Amino acid sequence: MTDPILKGPILKVQGLNKHFGGVVATDNLDFDVEPGEIHAVIGPNGAGKTTFVAQIAGMIKSDSGSIMFDGGEIAGLSAHARSRRGLARSFQITSIFKEFTVIENVAMSIQAHDGHSFRFWRRANTDPALMDPARALLDRVGLGARAEIVASNLAHGEQRQLEIAMALATGPKLLLLDEPTAGMGPEDSQSMAAFLRDIKGEYSMLLIEHDMDTVFALADRITVLVYGRAIATGTPEEIRGNDEVRAAYLGEEA
Amino acid sequence: MMSRAKILCLLIGFLVLVAIPPATTALDADFYMGLAARMMIFAIAAVSLDLLLGYGGMVSFGHAAYLGTGSYAVAILAFYGITDGFLQFAVAVGASALVALIIGFICLRTKGVYFIMITLALTQMLYFLGISLEEYGGDDGINTDRSEFFEWFDLGDDTNLYYLILFFLVLSLWISWRLINSRFGMVIRGSQSNDDRMQAIGFPTFRYKLTMFVIAGVICGVAGFLLANLTEFVTPEYMHWFRSGEIMIMVLVGGMGTLFGPVFGAIAYLLFEEVISDFTEHWMIIFGPILVLLVLFARKGVWGMLPGRERGDD
Ligand SMILES: Nc1ncnc2c1ncn2[C@@H]1O[C@H](COP(=O)(O)OP(=O)(O)O)[C@@H](O)[C@H]1O
Ligand SMILES: [Mg+2]
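Protein sequences, first through last, are from chains A and B. With the working numbering applied, the first sequence corresponds to residues 1 to 254, in that order. With the working numbering applied, the second sequence corresponds to residues 1001 to 1314, in that order.
Read the hints as simulated data drawn from the structure, not as lab findings. Take these hints with a grain of salt, some might be off.
Okay, derived cross-link-like pairs now, DSS-like style, lysine-lysine, Cα gap no bigger than 25 Å in a straight line [said to hold, decoys possible]:
{"hint": "1", "chain 1": "A", "residue 1": "Lys61", "chain 2": "B", "residue 2": "Lys1111"}
{"hint": "2", "chain 1": "A", "residue 1": "Lys200", "chain 2": "A", "residue 2": "Lys98"}
{"hint": "3", "chain 1": "B", "residue 1": "Lys1111", "chain 2": "A", "residue 2": "Lys98"}
{"hint": "4", "chain 1": "A", "residue 1": "Lys61", "chain 2": "A", "residue 2": "Lys200"}
{"hint": "5", "chain 1": "A", "residue 1": "Lys200", "chain 2": "A", "residue 2": "Lys173"}
{"hint": "6", "chain 1": "B", "residue 1": "Lys1300", "chain 2": "A", "residue 2": "Lys98"}
Now the stretches of chain B that chain A is said to cover, found in silico as 3 or more residues with beta-carbon under 8 Å [to be verified]:
{"hint": "7", "region": "1175 to 1181"}
{"hint": "8", "region": "1202 to 1213"}
{"hint": "9", "region": "1219 to 1225"}
Okay, the calculated beta carbon distance ranges per label pair [what the hints assert, rightly or not]:
{"hint": "10", "chain 1": "A", "residue 1": "Ala129", "chain 2": "B", "residue 2": "Val1292", "range": "42 to 48 Å"}
{"hint": "11", "chain 1": "B", "residue 1": "Phe1153", "chain 2": "A", "residue 2": "Trp121", "range": "26 to 32 Å"}
{"hint": "12", "chain 1": "B", "residue 1": "Ala1029", "chain 2": "A", "residue 2": "Ala129", "range": "50 to 56 Å"}
{"hint": "13", "chain 1": "A", "residue 1": "Phe195", "chain 2": "B", "residue 2": "Val1018", "range": "55 to 61 Å"}
{"hint": "14", "chain 1": "A", "residue 1": "Phe20", "chain 2": "B", "residue 2": "Val1292", "range": "55 to 61 Å"}
{"hint": "15", "chain 1": "A", "residue 1": "Asp139", "chain 2": "B", "residue 2": "Arg1178", "range": "28 to 34 Å"}
{"hint": "16", "chain 1": "A", "residue 1": "Gly72", "chain 2": "B", "residue 2": "Lys1111", "range": "39 to 45 Å"}
{"hint": "17", "chain 1": "A", "residue 1": "Tyr227", "chain 2": "B", "residue 2": "Ala1121", "range": "29 to 35 Å"}
{"hint": "18", "chain 1": "B", "residue 1": "Asp1196", "chain 2": "A", "residue 2": "Val23", "range": "20 to 26 Å"}
{"hint": "19", "chain 1": "A", "residue 1": "Ala81", "chain 2": "B", "residue 2": "Ile1082", "range": "41 to 47 Å"}
{"hint": "20", "chain 1": "A", "residue 1": "Asp139", "chain 2": "B", "residue 2": "Phe1153", "range": "54 to 60 Å"}
Just so it is clear, the structure is predicted and the values come from calculations on it, not from any experiment. Using N, Cα and C, we set each Cβ at its ideal position, and we do this for glycine too.
Make the full structure from the sequences, and use the hints.
Pasting the structure below:
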């Protein structure tokens, strides 16, 4: 029973829908992520990728559909309950605690998964139970030297690294990464891609990414989203060779 | 770490507060001891409001509710002949906690302007409730006696009451300092910074914010308990929205999101009121613009003007 193959997918989405007024953001979507797999989602701007991530993570309530995660239905759960089950997301638009130091940002995630926080007396930002793992994680993402800096003073690329570190610090079973390289220069993007390759296999991932080289290099499978609909799912080779995808998205004539 | 200037300021401030009773007695100026006691009571109220306003991003425009609840607990029990200080204190704390729980439970489901309006409206309801309770004086208010504690600690003695108030001011500052730096405080401050992210990383923030709302209400309820003892008189005016506004101004003037700022804000506000209102009853016309300038140019109030970097924990 410990064989991940026997457990089936860690995430299985079926018939997911979301409308914003007349806009169809998610259109009867089926989607799954196998344990240890990177399943990338690509598609033009406004295709519904961010909405899809927010639906899985619980920030946006779906109109209908089922979201099975780690063997249980989570569609009715709040975002924080889903996080406790082992779902973590990063945000396309950086979402950190700007007034706090870098290490406090990460410690916050660790604290969230270290029992309840009705602890009123002991100082938190010197508590080794929070700070030691936070420091280890910062070292791993390459922000170790920046630990004591107030987060708003980080460069954009570093804030994106912190964004990922905060997601990792929750100890997730599945990472939902919404354009981790958004707004980054080529150098930073490459080091982010290298980092994702480094943690590949350790975490199951849903990766949204617009840089095609990165996607094709990292992903085990790719799903192409257009107007909220999955028009194709397959290995990078299959997606490259898919005429419909090339016509609709990769900008080539079929 | 706090800067030297700030530490010096606190040290001098504390010594002055300790020295006021003997000094005013020697100079036969009891009025100033009463004024200082009043300043400390409002300092406690302002410190507790800052826990919500400056650390939790909860703009409560109804903090006078707890001032009123705490003071009415004293007066109503005394009305029925129950003058035991411990019992009165326990009821003041319990009633403030209950009121804060109810108001918090309702308004914490809303955000922004709605939050402000609902805290304001619910507190005005308490104000009108106070007016309608003819039995306890209605809008005339009600006289009350000082609480009774020990034989050897007679609150009827102004000096004893003064030091009790000072004790509670120091206690509320100490508790606040521990709170905002604890794990609980991290959740509160994190939620002020970015509530969506807090939920995304797994915090059910509502229950923590509600708890903070109750704690702040209780501390302010204690201020009400002390106020009833100081004035020996309780009126619905203690719960009027204008009073809520005053406490908020004290926080803004002193420095929102700073531990000690609200203390200096309360002192400055009441001092200003005392001095200027001797010249003109329209002292607000003078104070208003000063407040606007402070909010515009000194986001951390007078406390923030002192040298030393301001982080959440000082
Ligand atoms: N909160 C919202 N309210 C209304 N419309 C929204 C909202 N969020 C997203 N949309 C719309 O849904 C569509 C999908 O948006 P989004 O999920 O952000 O796409 P992507 O991440 O693929 O660029 C867009 O047309 C967008 O305008
Ligand atoms: Mg997007």
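Query raised in the report: Out of the numbered hints, which ones does the structure contradict?
Result: 2, 4, 9, 14, 16, 17
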